[in-house]
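Chains as they are written, first to last, in our numbering: chain A, 22 to 531; chain B, 22 to 531; chain C, 1259 to 1421; chain D, 1259 to 1421.
Not one of these hints is a red herring.
Short derived list, chain C residues pointing at chain A, Cβ under 10 Å: (1) Asn1268; (2) Tyr1311; (3) Gly1319; (4) Ala1322; (5) Ser1329; (6) Tyr1331.
Because the hints were derived from the structure by calculation, they are not lab data. Yeah, the Cβ is synthetic: ideal placement off N, Cα and C, and Gly gets one too.
Next come the chains, spelled out residue by residue.
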Amino acid sequence: MIQKILIANRGEIALRIVRACREMGIIPVAVYSEADRAALHVRMAAEAYSLGASPALESYLDIEKVVTVAKRCGADALHPGYGFLSENADFAEACANAGIKFIGPSPKSMRIMGSKTRARQEMEKHGVPCVPGNSQALESFEEAAQIAQNIGYPVMLKAAAGGGGKGMRLVREPQELRSALEAAQSESQRAFGDGSVYIEEAILNPRHIEIQILADEHGNTIHLGERECSIQRRHQKVLEESPSSFVDVALRNKMGEVAVQAASAVGYSNAGTVEFLVSQDKNFYFLEMNTRLQVEHPVTELVTGVDLVQMQIRIAAGERLPVRQEDVNFRGHAIECRIYAEDPDNQYFPSPGKITLLQEPSGPGIRLDSGVYEGWTVPVDYDPLLAKLTAYAENREQVVSRLLRALDEMFVGGIQTNIALFRRILNDPGFREGKIDIEYLNRLTASVAADHQHNEIAALAAGLFAVLDETSSRDSIMHDPVGPIVSASRWKRSAKIESLQWQANDDRQN
Amino acid sequence: MIQKILIANRGEIALRIVRACREMGIIPVAVYSEADRAALHVRMAAEAYSLGASPALESYLDIEKVVTVAKRCGADALHPGYGFLSENADFAEACANAGIKFIGPSPKSMRIMGSKTRARQEMEKHGVPCVPGNSQALESFEEAAQIAQNIGYPVMLKAAAGGGGKGMRLVREPQELRSALEAAQSESQRAFGDGSVYIEEAILNPRHIEIQILADEHGNTIHLGERECSIQRRHQKVLEESPSSFVDVALRNKMGEVAVQAASAVGYSNAGTVEFLVSQDKNFYFLEMNTRLQVEHPVTELVTGVDLVQMQIRIAAGERLPVRQEDVNFRGHAIECRIYAEDPDNQYFPSPGKITLLQEPSGPGIRLDSGVYEGWTVPVDYDPLLAKLTAYAENREQVVSRLLRALDEMFVGGIQTNIALFRRILNDPGFREGKIDIEYLNRLTASVAADHQHNEIAALAAGLFAVLDETSSRDSIMHDPVGPIVSASRWKRSAKIESLQWQANDDRQN
Amino acid sequence: MIVKINVGDNPHRVKLERDGQEWRCELDGRLIQVRAQLVRRDVMSLITNGKTYEVKRDQLGKQARIWIEHSPYVVELSDPRSLASRTRNRSTSGNSRLLASMPGKILRVLATEMEQVEAGQALIVVEAMKMQNEIKSPGKGIVRQLVSEGTYVNAGDVLAIVE
Amino acid sequence: MIVKINVGDNPHRVKLERDGQEWRCELDGRLIQVRAQLVRRDVMSLITNGKTYEVKRDQLGKQARIWIEHSPYVVELSDPRSLASRTRNRSTSGNSRLLASMPGKILRVLATEMEQVEAGQALIVVEAMKMQNEIKSPGKGIVRQLVSEGTYVNAGDVLAIVE
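Please model the entire structure based on the sequences and the hints provided.
Below you can see the structure in the form of structure tokens.
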């Protein structure tokens, strides 16, 4: 059995794994960069070792350092989380060479799925539907024109080395092809140092729907249904749900079977996710397979009752899957909101900094996976994900209401977050009717948000803060053993300073 | 439809109802006593009205005041929660007379179930098994001896007016009867001003298991399975779970049917709970019916996926039950811990006071229903329940581990709580094997708890607090906008004062 | 106690007097009875006319914000003197100070000290959490007090001044 | 910095010196390297030899407590002078002060000022949250400084002295 796991990650996912370890009687070991000495995952682990300087390249991405720590502390297994080194086959191999069980698939499966072209070849060989196209770098404009002709317009140009929407161009008609190809190639060259572009059929307004699979090391593979992940900003997921209101039982079974096929085709083991593009007429196409735990795994845990992280560890320990496909009991509906430190009104620009006030939601149907706490300074060095707020209820309508209630209870002070954006999404009639695709969020934010209505209460409250600050610092009304709250003089003094700065801001905005 | 609900309660249950209202688009209205002006249920409600002075008799128990506020604010319904006026038929009637829908059964059902003797008669008439006995006040010793003879020893003497274990005596043999009867009568007289005692067969080491039922106002009644509530202190539940490891499918179905019968017998509507004593050989006996929501309703919500409070409101609005008995989908296992402000090492004496530090657990499978917050002063006037920590997982073993993990994450500073007691229960092999009955907790606490092992780390930490306090107050290491933490001088000064007080305590203990 | 408060650009005058458990408030001359309770640092529970408000306070960069029903209101407390100076400043100043809206690292500086720049011209690239943000000149002018490449800035720090 | 600390009844001597990111600690002469971080008021994260401890601090009545792995340790910081006085007090004092262990209301006072009482005799009934608790005399003696009926007491308040 596994007795000690090194968690090669940070933030909420590291804490998620710490919790799974604790619940299984396994010793969770954290690693941390200097910026993360006081991070929540370090506080909650049983052991913790420094990796060095704050930049990820010098800490969480340094294979040698991580493996050295794992060996030194006597870990018999390592969980990579998501991001960082989680899909790095060399890392998985380095763990294996050091005698440490990598909690994930074999390096071989990772390598196949990590290459767009190899993955596509393998999938096509095993009858997994892919978007019609060539998936090889185009040699010339003539070749591009020929292939586009065969596929039929509209077509999509994509960077071979790419991702994140860079080097992507939609081509609606033949006469647009030449300039689009040149633009895509030059953008791809700038972004990835590689101008290779390939061509695919364009799926218009598709949904992004993925299937969670679990495979043990004895050849058993099951799926746990789908997750609807169409709500994205900058090609990154923002809100996910399960089930998808677009997927009926027949489609779920079909996509599930194909996902199991895809995993089996590469001898996959452990947890993984097969991502599909789904067209408005319910055709689906293999997009890629993520050979690791997903950020949004909680929605699947809530609707199936299965603990995916514990399952990963049990599979890595050589156990057989304890459930068969027909035992999976789907019940209810779950939606996850990724609470990011970013400003949706400013092109989602990240907002690291100190969290001066934090109020977390709880109560029925609410699950919070947070990596932060009040007083914590969110570092500038990593991802802006603060926490995942996930709600569960009997049906989609109830879960939407529940999430809105929980978002009302939540407050993050001192930095910007996207909490208000979720309130907008969840109140939007289009979202409530399930009318979403991967362009949904762009359309929503193109319109203007609702206005403020409580100017007078704000004025009143500001005045009362000033007077109560004073009272509490004099009489210690709060009975706080620590002493006074913000003193009135401080609040006023800072207000005066603000008055000057505010003025400067005004100038800039004019 | 119901548009505004007055919540005639306080603490976590008032907040639970606030949340249900918010999720249903209903305006939640709080009431509060002076001690509760800053209570969490007041903060979270949309409207709040004062009831007056702190003692419950002058606020939460004052029928006229509560009904007046409900009318004044325009509430069209009222939720009584549990405790306080929730089982008071006169209150339900006063609401009805004021044109306010009482969210609960009819006053008539409440009156029958509120009287031990009438309930028992009604149940026997409808074939619901009761503990063999007379349930009428004994007239004489001779009558008692006769009935005891008929029932067969051991028998139990119980106060007719009573509850909470007062006036209760176990009689194993005929020669013990006379003195036991006298003791029970005099204890009952002192406790309730009424010396009436009745006699029942003694069920030895029984379990306390209850069935949740839901009944709409159109004659449909279903049950949602059982809750195991055998872990009690002073006849009050401390930890509850669902399902019971003692109950198999056949017993569940049988008890469920009987519970539905019991409810139907009195024309019951809304949510209710039928409590049974279950003997070691799996016979079960009607104990009483609670005509309201139970404290421990979350465990049922977690294993069935049904929101009981929302269901109560929908039933009160005249809706039909949306699920049939065969649709109830039991999945997984749930356990609730009632976090009380009390000292288990000091006969569970309550510990009100200011919560100086509060860390709340979260993450997968954890639900927290709390009525308190850091900085809140738990009043001396009411119940010591601070919060309910409930965990859900695939099976009992996993949920026990999960709760232990969550209890590790939880911390309440400044007052005593029973958190350590839960750690003991959940680690106890007897509990883990499901060997529990209503005497379990007394047996467990009779043994000595484990010892402390970290004296040296404590000394080190105390020293580091002193030096870091100093640094942080000088350099503001914490970057706290509010200023310094406990200053070193304060920590040291108070330490000196303590040194004197501690000494006095020592003297007392010698 | 009398406080002058600006919410956004709107000035308000608030007079506060304790009245037993309540506060007698005059907001721009209108009387409002309020029960106010500081429940913790930066969080206040208000009840007025039966309605409850859970009000929060925070600071983003140099802006003080009051949050009501999850919308932020930028507020400043002022006295006549600071108001006067404010007005004076506003009328005379032709400068634009570029302030960092978020903490981050100065990845690139695209202008040089004393350079003549156009409105909309990119001056600085700030990076945080692998995202890059171009800071553009708000108008035509001369660049001064440029921040240096590689430094870390906080929200509200001056990145440059365009005169 | 040198601190003398009692944990329960055991005295410890702790010498603390900053050493870069770490603390060089001498605990009763034994050297221990520690990384310590105050993560918020009354919560400290310790790492020593790779092992982590999340240490909390609180106060119950007049007792200061340090919590490690969910067990409380009653601690006091002392200097030689207070230690001396403590020893002196202990050896000369024959009094017992009855302290309230919890906040509550004095429901009944069962003894009178200057009354001669026996060990175990009930002196006072305290009530909180509808529970009642009898406070008994720790020994034979004369009762003094009795608290009055109806008053509210806090943890650590003196309820009576038995001489």
